[in-house]
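As a plain string of letters, each chain reads:
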Amino acid sequence: MSSLLRQRQSLTFRARSYTAFVFTPQPPIADWLALLDATLERSKGFFAGHPVALDLSAAQLAPDAVAQLVADLAARNVRVLGIEGVELDTGDARLPPLLRGGRVQDVELSELDPVAEAAAAAPAPKKQEAASLLIDSPVRSGQSVAFIEGDVTVLGSVASGAEIIAGGSIHIYGTLRGQAMAGAAGSRRARIFCQRFEAELLAIGAYYKTADEIEDSLRRGPIQAWLDGNNLRISAMN
Amino acid sequence: MSEGRSARVVVVTSGKGGVGKTTSTAAIGAALAHLGDKVVVVDFDVGLRNLDLVLGAERRVVFDLINVINGVAKLPQALIRDKRLENLYLLPASQTRDKDALTEEGVGKVVAELRQKFDWIVCDSPAGIERGATLAMRHADTAIIVTNPEVSSVRDSDRIIGLLDAKTEKAERGECIDKHLLVTRYHPWRAARGEMLSIDDVLEILSVPLLGIIPESEEVLRASNLGSPVTINAALSAPARAYFDAARRLKGEQIAMQVPSESRGLFTKLFGRKAA
Chain Y
6 MSSLLRQRQS
16 LTFRARSYTA
26 FVFTPQPPIA
36 DWLALLDATL
46 ERSKGFFAGH
56 PVALDLSAAQ
66 LAPDAVAQLV
76 ADLAARNVRV
86 LGIEGVELDT
96 GDARLPPLLR
106 GGRVQDVELS
116 ELDPVAEAAA
126 AAPAPKKQEA
136 ASLLIDSPVR
146 SGQSVAFIEG
156 DVTVLGSVAS
166 GAEIIAGGSI
176 HIYGTLRGQA
186 MAGAAGSRRA
196 RIFCQRFEAE
206 LLAIGAYYKT
216 ADEIEDSLRR
226 GPIQAWLDGN
236 NLRISAMN
Chain G
107 MSEGRSARVV
117 VVTSGKGGVG
127 KTTSTAAIGA
137 ALAHLGDKVV
147 VVDFDVGLRN
157 LDLVLGAERR
167 VVFDLINVIN
177 GVAKLPQALI
187 RDKRLENLYL
197 LPASQTRDKD
207 ALTEEGVGKV
217 VAELRQKFDW
227 IVCDSPAGIE
237 RGATLAMRHA
247 DTAIIVTNPE
257 VSSVRDSDRI
267 IGLLDAKTEK
277 AERGECIDKH
287 LLVTRYHPWR
297 AARGEMLSID
307 DVLEILSVPL
317 LGIIPESEEV
327 LRASNLGSPV
337 TINAALSAPA
347 RAYFDAARRL
357 KGEQIAMQVP
367 SESRGLFTKL
377 FGRKAA
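Quick mapping for you: the protein sequence lines, in order, are chains Y and G. Each position in the first sequence, counted from 1, maps to that position plus 5 in the numbering used here. Each position in the second sequence, counted from 1, maps to that position plus 106 in the numbering used here.
Just so you know, these hints were derived from the structure itself, not from any lab. Positions of the beta carbon are idealized from the N, C-alpha and C atoms, including for glycine. One or more of the hints may lead you astray.
What the hints assert, rightly or not - Computed Cβ-Cβ distance ranges for the label pairs, DEER-style:
| id | chain 1 | residue 1 | chain 2 | residue 2 | range |
| --- | --- | --- | --- | --- | --- |
| 1 | G | E210 | Y | D60 | 47 to 53 angstroms |
| 2 | G | L154 | Y | G161 | 22 to 28 angstroms |
| 3 | G | E210 | Y | R99 | 41 to 47 angstroms |
| 4 | Y | S142 | G | N176 | 34 to 40 angstroms |
| 5 | G | S258 | Y | G226 | 49 to 55 angstroms |
| 6 | G | R328 | Y | N243 | 50 to 56 angstroms |
| 7 | Y | R99 | G | G214 | 36 to 42 angstroms |
| 8 | G | C282 | Y | N235 | 40 to 46 angstroms |
To be verified - Here are some chain G residues the structure puts well away from chain Y; computed CB gaps all over 10 angstroms:
| id | residue |
| --- | --- |
| 9 | G124 |
| 10 | L159 |
| 11 | E164 |
| 12 | V168 |
| 13 | G177 |
| 14 | A218 |
| 15 | Q222 |
| 16 | G234 |
| 17 | G268 |
| 18 | A298 |
| 19 | S313 |
| 20 | N331 |
| 21 | A340 |
| 22 | A344 |
| 23 | E359 |
| 24 | A362 |
Given the sequences, and given the hints that come with them, work out the whole structure.
Below is the structure:
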């Protein structure tokens, strides 16, 4: 974190890849927008402030129609970062830049829910070189680590009053005393592992358990938590 | 005052109030001075100053930290020399102002000037995580985190450690601030009965090296009320010896850690509980 504040001697440019939601509109566009509205109704504000790319390979649109679609999305608080799957005049100021070479990551939209929304709205970490984040120091009370792009591994302990939010799984090799929320981007396969379990709250996707709801026999031992249908299950790992 | 010393700036902090920051600042400051170093203790608790009382200097305060920051007084005018230890000085806080009167630039200038004149600059942080506390830790090379062996104090200390690792100048340069844990108000008999967190529990939760364990004692309270740090007033008492050991460890000496235990004389066994 602090390294970002080091003084820079000269201006450098770097390429960096980011994760964005990709929309693939199907013609007719009006119907597709209605479908999008219905989705947004269920998960209000989920896309607000998040980058979205448009894949127009399924809907061959004229530049004017693309501009109209971008404006329609903007009216729904969806900001389009770039467009792919279509050849357009890159000089048209109404249109976002063309994107190439994107890679697919799984995000199940049907799983969006209030917990995931809150998690996704948390600030993303500053470095995103790989889809996993390694933290080799204790996570202190009041600190929040949010990494929607993938797994989080913590080598130390997570203190009471600290939280870890991961798009994927969470691995904690110390004691988990705070909150761990895995699968924040909607993945149902995310799990939480910890060496010593004294957590305040565990959540995977929409499903959570507070310390009160968790069997005492699991405390102080190594556990894993996963989703079994609509149940958050926790078991000892020996 | 000799110039060009390599001063160490120590912040005594905790997050939670009432755990013994001011008492520990005075005791460790006095112990370091007694060991021959030139020490200034700085009260950052603007508006709620106490360090002057604990050092028995409250009747000699003319100018304070805020006056120096505002340019009303020069630093040497505001420094109060201890009557018992000639190496010990106090820079008092203002009682009539509040923490907004502290500016980052002003504090930086004062600390830089103190670095020229002293071996140790021991900063007594106010409780909380707001301006006063963050400015007290801002320029520190070393932090002493004062913790009582109970859950609320430990969690607040953990929060403070997070801030020490993020908001200090040293952390922002990408270096790691030196952190030491001082456990105060430790009751051996309560620990034995499992009514308090054990030292091991505290260390496991905070994962910061231990500087010392100060037993709960009447002597500490008596010394504070007399306006004399326990390391001056009752230098042979158990808490004073623990503070002296902590001061020596701060100077880099290797001293075996003593966990205060119940195995004391018959007298203390009989009357120990009353002393709590």
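Now for the hints, and whether the structure bears them out:
One distance hint, 47 to 53 angstroms for the beta-carbon pair E210 (chain G) and D60 (chain Y), holds here, with the actual separation near 49 angstroms. For L154 (chain G) and G161 (chain Y), the hinted distance range of 22 to 28 angstroms is not satisfied, since their beta carbons lie about 35 angstroms from each other. Here the CB-CB span from E210 (chain G) to R99 (chain Y) is close to 45 angstroms, well matched to the stated 41 to 47 angstroms. For S142 (chain Y) paired with N176 (chain G), a C-beta distance near 39 angstroms keeps the hint of 34 to 40 angstroms intact.
S258 (chain G) and G226 (chain Y) have their C-beta atoms about 25 angstroms apart, which leaves the hinted 49 to 55 angstroms range violated. Taken as a hint, the range 50 to 56 angstroms holds for the pair R328 (chain G) and N243 (chain Y), whose Cβ atoms sit roughly 53 angstroms apart. Checked against the given bound of 36 to 42 angstroms, the beta carbons of R99 (chain Y) and G214 (chain G), roughly 50 angstroms apart, lie outside it. The beta-carbon spacing between C282 (chain G) and N235 (chain Y), approximately 45 angstroms, falls within the hinted interval of 40 to 46 angstroms.
Interface exclusion of G124 (chain G) from chain Y stands, the closest Cβ pair being 18 angstroms apart, more than 10 angstroms. The beta carbon of L159 (chain G) sits about 31 angstroms from the closest Cβ of chain Y, which is more than 10 angstroms, so the claim that it is off the interface holds. Remark: the non-interface label on E164 (chain G) is consistent with the geometry, its nearest Cβ contact in chain Y lying 35 angstroms away (cut-off 10 angstroms). Remark: the non-interface label on V168 (chain G) is consistent with the geometry, its nearest Cβ contact in chain Y lying 39 angstroms away (cut-off 10 angstroms).
No Cβ of chain Y comes within 10 angstroms of the Cβ of G177 (chain G); the nearest lies about 30 angstroms off, and the non-interface call holds. Distance to chain Y confirms A218 (chain G) as a non-interface residue, since its nearest Cβ pair spans about 19 angstroms, more than 10 angstroms. No Cβ of chain Y approaches the Cβ of Q222 (chain G) within 10 angstroms, the least distance being about 25 angstroms, so the stated non-interface status holds. Against chain Y, the non-interface label of G234 (chain G) holds: every CB pair exceeds 10 angstroms, the least being about 13 angstroms.
Distance check for G268 (chain G) against chain Y: the nearest CB is about 3 angstroms away, which does not clear 10 angstroms, and the non-interface claim fails. Remark: the non-interface label on A298 (chain G) is consistent with the geometry, its nearest Cβ contact in chain Y lying 21 angstroms away (cut-off 10 angstroms). With a least CB separation of 5 angstroms from chain Y, S313 (chain G) falls inside the 10 angstroms interface cut-off, contrary to its annotation. Its beta-carbon lying about 33 angstroms from the closest one in chain Y, N331 (chain G) satisfies the requirement of being farther than 10 angstroms from that chain.
No beta-carbon of chain Y comes within 10 angstroms of the beta-carbon of A340 (chain G); the shortest separation is about 35 angstroms. The beta carbon of A344 (chain G) sits about 31 angstroms from the closest Cβ of chain Y, which is more than 10 angstroms, so the claim that it is off the interface holds. With a minimum CB-CB distance of about 27 angstroms to chain Y, E359 (chain G) clears the 10 angstroms threshold, and the non-interface call stands. Even its closest Cβ contact with chain Y, about 26 angstroms, leaves A362 (chain G) beyond 10 angstroms, as expected for a residue assigned away from the interface.
Hints 2, 5, 7, 17 and 19 from the list above are not met by this structure, while the remaining hints are.
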